[in-house]
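Participant: Just so you know, the UniProt record's numbering puts 672 at position 672 of the sequence shown, and the rest follows in order with no gaps.
Simulated from the structure, these hints should not be mistaken for lab results.
Everything hinted at is true.
Once the Cα atoms are required to be at most 27 Å apart in a straight line, the calculated BS3-like pairs of lysine-lysine come out as:
1) K502 - K128
2) K14 - K502
3) K124 - K502
4) K128 - K487
5) K128 - K14
6) K246 - K209
7) K487 - K502
8) K14 - K487
9) K124 - K487
10) K14 - K124
All values derive from a computational prediction rather than experimental measurement.
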Amino acid sequence: GLFVTDYFTRTPRKLSPFRSFASIELFHFHIPEDTVIAVWNLITFKEQGGTFGDQCPDRSITVYFRSGAPSVINPLHTHFPRDTAVPGSFALTLTWTLPNRTTGVFNVTSPLPGDWFLAAHLPKDEGKISVKGLYEECQYLFQPQLIVQRLVNIAVLYPGHVTEQSMAPHNRSCLYKVFVPSYTSQVLVEVLRCRGAEGCPLWLRVRAKAPPLHNSTALDCREHTPCQLAQDLPFWQHWYYVLVEKHPGVPGTISFQVTVQLTDCSRPSLARPPFLPSSASMNMPHSFGSAGGLGLGDSPPPTSPNSTKHPVPIAVAPPAGERCWPVRPTLRNELDTFSVHFYIFFGPNVSVPPDRPAVFVINLLPVLDSGGVLNLELRLNVSSLRGENVTVFGCLNHEVPLTSGDNASVTCETESLAGFLLSVNTTASLSRLRIPYPQTGSWYLSLRSLCAVEHGFEPCTNVTAEVYLRAYLSPCINDCGIYGQCKLLRTNNYLYAACECKAGWNGWGCTDNAEAFSYGFQLLSTLLLCLSNVMFVPPVAIAVRSHYLMEAAVYIFTMFFSTFYHACDQPGIVVFCIMDYDVLQFCDFLGSLMSVWVTVIAMARLQPVVKQASVLYLLGAMLLAMALQMDRHGLWNLLGPSLFALGIMAVAWTARTIRRRHCYPPTWKRWVFYLCPGALIAAAAVLLYAFVETEENYFYIHSIWHLLIAGSVGFLLPPRAKTSRRLGPLPRRKGCGYQLCVNEQEELGLVDPAVASINSICTS
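Please put together the full structure from these sequences, using the hints given.
Facilitator: Laid out in structure tokens, this is it:
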């Protein structure tokens with residue numbers, strides 16, 4: 001055949017350590033039909049500070065692959081919520097082959113067409129809280145690329161037609177495909193009139209949705225006469241691929257005929273008519289009106305040159321097990337994103353007769369519905385059983401309903417089909433099923449009632465069970481409970497939801513309490529973070545006593561909002577919010593930075609020099625509010641105002657030192673007992689905040705940070721500024737000149753001067 005190669009790529013994205021599914025990076029691809037091979041090229045590289053991160057440590061990268069919906073992953077081996085079905089996926093771990101770059105390859109032969117999803121993440125780290133901008137962080141970027149090779153012009157088989165084929169010596173196989181409409185109970189493929197070699201040395205392989213593989217359903221035509229391969233309960237509304245493969249080492253040309261017959265279960269007395277148009281087959285209605293019949297204007301498809309029309313006998317009525325029953329549709333009601341209810345006509349209570357199953361269909365839209373959770377709930381009305389020991393079994397299958405011919409069967413699996421089993425009876429009248437990230441398309445629910453006997457089950461007589469049926473799509477499982485938050489995430493144009501757990505809870509629905517914080521621990525951490533702000537009371541008292549009313553107001557503001565911000569910021573259930581969280585966070589950050597600003601400006605003692613020093617307070621408040629609005633967690637939001645204020649203080653102290661020709665503050669007691677201890681305490685607080693704080697020790701390290709910062713303010717706040725009392729008016733010299741009065745005690749920076757009278761030294 002003729003091959004066509006397609007190439008797809010995605011933008012590199014930064015990977016994060018795994019904490020929950022909300023921390024992974026998700027990539028969405030679409031594989032076209034008739035693809036024979038798909039190759040993912042997985043490129044990973046390191047960056048640090050805009051350059052290659054050769055010095056970054058090697059961290060393994062895990063990549064997950066799944067067709068139809070995102071992967072449901074569990075790298076931390078946590079527990080899933082009850083009644084949750086976990087679909088499987090492929091996983092691949094990438095290791096580093098170069099200092100700053102590595103590449104991995106993942107091949108899929110004959111992949112299923114449609115949506116494919118890749119999920120990638122780094123291993124879980126220790127949860128260190130780093131200050132943004134403190135150092136150049138190592139970034140691990142991941143970029144997947146997809147190369148697909150697909151066949152074009154694959155020969156199409158029409159049900160009831162015979163196609164003749166000659167396989168040349170240099171050819172090894174021939175590939176065909178046939179479309180299977182709804183209400184088909186069996187696909188029968190047969191190889192006829194095999195000539196050119198002894199014993200018909202051909203393999204016959206059949207597979208749904210994609211070309212057959214080596215492990216697909218196969219039949220050796222040399223050992224089976226006639227060479228017929230049947231597929232029971234095929235997928236509806238899908239292509240089936242037929243591969244006729246020659247045995248190795250067979251010389252010469254082999255000619256044969258291939259025919260396909262579809263059994264129409266909606267009309268038990270007939271099989272599919274031999275001349276059913278392809279357009280009618282591909283749009284088979286769900287109603288049974290004229291399913292499988294020809295309209296007045298229908299005509300058989302054209303015959304290809306290498307095809308010969310042969311009459312194919314129409315099968316007799318299939319046995320009871322091959323019947324399919326009417327499928328009741330559901331009404332889709334969209335309430336919000338991933339919030340969809342499926343209502344049953346004349347429901348939600350449905351009747352399950354004893355002689356046949358009740359079948360319902362739930363249609364999930366492509367791409368749109370695969371990012372949520374499909375929920376199914378069955379509740380048995382015990383009063384409708386009239387005292388009989390009845391069990392209602394439900395089989396949920398994807399793309400085809402499973403209605404077994406065995407009346408006593410309680411399984412939802414066949415050789416090529418696997419479903420989900422639910423059951424309700426008089427002792428367990430409620431059953432639930434949750435499927436995270438379900439595959440889109442049609443889901444069929446088959447309900448059947450059986451009566452329990454001594455050695456199993458048997459069909460009931462004259463008992464119609466009544467079942468309450470509820471089916472709906474939700475973003476997360478139980479909205480992630482009280483210890484989680486359901487987040488709506490987006491990758492390019494694809495939306496999906498995931499839980500982000502807190503307070504030590506883990507799992508897909510935040511139900512795993514193996515590492516959960518106890519109530520006492522949550523209460524202790526909340527009290528420590530809140531009550532540690534009481535340490536600001538001594539600095540407030542010192543500021544009021546020293547007549548620093550502006551500074552005292554800022555400290556009170558900081559103490560108030562820091563207390564209630566941490567009361568609202570707790571991850572567990574010990575939470576108290578008096579305002580919106582964002583408002584509390586902004587006020588807490590603003591108060592902390594303003595406390596640093598006003599303290600350093602007060603230490604500069606600008607009042608005698610700058611008559612309107614309050615201008616600096618107002619200017620600092622406006623600039624800090626602007627900086628916090630741009631980036632609240634940036635390093636320069638803390639360092640910028642602090643360094644600027646320290647610069648102002650350094651200039652003021654240097655000017656006084658030059659003018660007085662003596663170090664300022666001049667007393668050694670001020671340096672030894674106040675300035676040095678205050679500076680050391682503040683430096684220790686900054687080091688704890690920047691390098692020691694992690695998620696596990698946050699509650700007590702951050703409480704120590706509160707204590708140290710408040711304590712350093714009490715040491716660094718300057719003493720009260722004394723006003724000079726003049727003994728009399730000083731004579732002013734006539735002529736040009738100026739007069740400068742200097743308070744001697746203020747210059748010395750004494751906390752409690754011993755002298756009773758203050759002499760002013762005036763120079764002109």
